[in-house]
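Student: Listed below, chain by chain, are the residues.
Protein chains: 2
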Amino acid sequence: MKMKKTRIILASASPRRRELLAQIGMEFEVMVSNVEERVTATLPGEVVQELSGQKAEAVLAMPQAKESGTDASILVIGADTIVACDNKILGKPADEEDAKRMLRLLSGRTHEVYTGVTMLFSPQSPADGSVRRHTFFECTKVCFAPMTEAEIAEYVATKDPMDKAGAYGIQGFCARYIKGIEGDYNNVVGLPVGRLYQELKGWLENEESSDI
Amino acid sequence: MKMKKTRIILASASPRRRELLAQIGMEFEVMVSNVEERVTATLPGEVVQELSGQKAEAVLAMPQAKESGTDASILVIGADTIVACDNKILGKPADEEDAKRMLRLLSGRTHEVYTGVTMLFSPQSPADGSVRRHTFFECTKVCFAPMTEAEIAEYVATKDPMDKAGAYGIQGFCARYIKGIEGDYNNVVGLPVGRLYQELKGWLENEESSDI
Numbered sequence: 001m002k003m004k005k006t007r008i009i010l011a012s013a014s015p016r017r018r019e020l021l022a023q024i025g026m027e028f029e030v031m032v033s034n035v036e037e038r039v040t041a042t043l044p045g046e047v048v049q050e051l052s053g054q055k056a057e058a059v060l061a062m063p064q065a066k067e068s069g070t071d072a073s074i075l076v077i078g079a080d081t082i083v084a085c086d087n088k089i090l091g092k093p094a095d096e097e098d099a100k101r102m103l104r105l106l107s108g109r110t111h112e113v114y115t116g117v118t119m120l121f122s123p124q125s126p127a128d129g130s131v132r133r134h135t136f137f138e139c140t141k142v143c144f145a146p147m148t149e150a151e152i153a154e155y156v157a158t159k160d161p162m163d164k165a166g167a168y169g170i171q172g173f174c175a176r177y178i179k180g181i182e183g184d185y186n187n188v189v190g191l192p193v194g195r196l197y198q199e200l201k202g203w204l205e206n207e208e209s210s211d212i
Numbered sequence: 001m002k003m004k005k006t007r008i009i010l011a012s013a014s015p016r017r018r019e020l021l022a023q024i025g026m027e028f029e030v031m032v033s034n035v036e037e038r039v040t041a042t043l044p045g046e047v048v049q050e051l052s053g054q055k056a057e058a059v060l061a062m063p064q065a066k067e068s069g070t071d072a073s074i075l076v077i078g079a080d081t082i083v084a085c086d087n088k089i090l091g092k093p094a095d096e097e098d099a100k101r102m103l104r105l106l107s108g109r110t111h112e113v114y115t116g117v118t119m120l121f122s123p124q125s126p127a128d129g130s131v132r133r134h135t136f137f138e139c140t141k142v143c144f145a146p147m148t149e150a151e152i153a154e155y156v157a158t159k160d161p162m163d164k165a166g167a168y169g170i171q172g173f174c175a176r177y178i179k180g181i182e183g184d185y186n187n188v189v190g191l192p193v194g195r196l197y198q199e200l201k202g203w204l205e206n207e208e209s210s211d212i
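In the order they appear, the protein sequences are chains A and B. For the first sequence, position 162 matches number 162 in my numbering, and the numbering has no gaps at all. For the second sequence, position 167 matches number 167 in my numbering, and the numbering has no gaps at all.
Treat each hint with caution, since some may be false.
Note: identical chains are not told apart, hence a pair may lie in one copy or across any two.
[As the list claims (entries may be wrong)] Below, simulated DSSO-like cross-link-like pairs (lysine-lysine); rule was C-alpha separation at most 30 Å, straight line:
| id | residue 1 | residue 2 |
| --- | --- | --- |
| 1 | Lys159 | Lys5 |
| 2 | Lys5 | Lys92 |
| 3 | Lys141 | Lys66 |
| 4 | Lys179 | Lys92 |
| 5 | Lys100 | Lys66 |
| 6 | Lys141 | Lys201 |
To be clear, the hints were calculated from the coordinates, so they are not data collected in a lab.
Chain A with its partners taken away, still in its complex shape:
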C-alpha cells in the first residue's frame, strides 16, 4: 500500500484499537479530542457512522493535527462501537448493577456489534482545498452461552466489563461464554481492521494518485 506521504492519525483513546491498527503493520499517531457526542440517527449502523465521523472531525480540527512541521497529507481515522440487542443500544455500563443487567440481557442468545469508521483525508496540495470523507460500518453477530447469576457476578467482579460497550470484552475472560460469531472478530474488539485495510488500499491509492 502506497502511503508514505500520508500521516495517519487514529482519533481514539482505546488501547484495543491502537493494538489492532499496529498489529496489521500500520504506522500512525494517536490524537484524542473531547468531542461531545450528538446522536441524530436511530439505526445502529447509522449511529456508529455518525459518532465515528464526529470523533474524526474533531481531531482534524485540532491545531496539532495540521501543525506537524511536515507537509504530508493527513488521514484521520475515527471509530465508534456499540452493542445492539432487541433493538436496544447498549453503551458502556454506568455501574456494576448496569453491567449485570446488560449481561443478563445478552446471556444465552445472539446480539449484534456495530463499529462505524470514518476516514477523513486532507490532501497535502489540494486542488480545491477540500477534505475527502469515507464512512462505513461493520456488523458482527455474537452468540453467548447461558450465564448463571453466579457467573455474571464473577465476571463483573473482574472489572473487565466496566469500560466496554455491552459490558463485555470478547478477547478476555468472557471468551468462556462466547459460543461463536458471524462476521469480523476485530470489529467486536473495536476496529474492523480487515475491512479498514481493504477500504484504505483502494481509496487512499486513488486519492494519492489524483491529488499528490
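With chain A's structure known, arrange chain B on it following the hints.
Tutor: Just chain B now, kept in the frame of chain A:
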C-alpha cells in the same frame, strides 16, 4: 466450576493455547510429550480428534503426570488444529515456498479450521481404576480477502506463517486479509475455550460428584 481437587495439565507446547486457557481464568500446568502422530482417520474433524487424543494419552502416560506428590485427580487436555480447503488438509508449512502455496490456495475464498480436543480424567480414587475420556471438535469457517503475490511475499517475509497450520495466524498481521469468520474465533487461534469451558463445566462436575 468445582475443580479444586483436580490438577489440570495442558498437553501442548503452543504458547497461543497456553494464553487462551489462562485468559479464561483456568489454573493449569503444561507438559509436552514427543508423541509420534499416527493418522488413520480421513475426515478433518476425526483427524484432529485422533491427534488430540494421542497427545493427551502420551502426557498422561508420562511419570511426571502422576508423580506430583499430591493426591489430586488429573485432567489432561490435548488439542490439535488443522486447516482444510478443497478437502485438502493443510498442516504447518515445510518452508517459505510451501507457505506461499498455501496462502495462494486460501486467497479470496472461504476455508475451514478444525480443532480437536481430548480430555482425559484420571480420578483420585477411582472405583474401577479407569480413565474417563471425552473428545470433541469445533469447526470455524474463515473467509479471506484476495491477496496479491506481493502481499503474500510480504506476509511470508514476516515469518509469522512458518509455525502455523495453513500458513497464517488470524491474530496477527494477517488480520488485514480476514473478511470474517463463522464460528469460534479462538478455535482458529488453536483452542476453542468457549466450548471447552462449557464441556468441562458439565462433564467434570459430573465426574467429581460420582468419583470423589
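Student: A separate judgement is required for each hint: does it hold in the structure or not?
Tutor: Outcome of the hint check:
1. Lys159 - Lys5: So Lys159 and Lys5 pass the 30 Å test across copies only (27 Å; inside, 42 Å).
2. Lys5 - Lys92: neither (37 Å within a copy, 38 Å between copies)
3. Lys141 - Lys66: neither (38 Å within a copy, 43 Å between copies)
4. Lys179 - Lys92: both (22 Å within a copy, 27 Å between copies)
5. Lys100 - Lys66: Answer is neither: 43 Å inside a copy and 41 Å across each miss the 30 Å cutoff.
6. Lys141 - Lys201: both (26 Å within a copy, 25 Å between copies)
Taken one by one, the earlier hints fail for this structure at numbers 2, 3 and 5, listed in ascending order.
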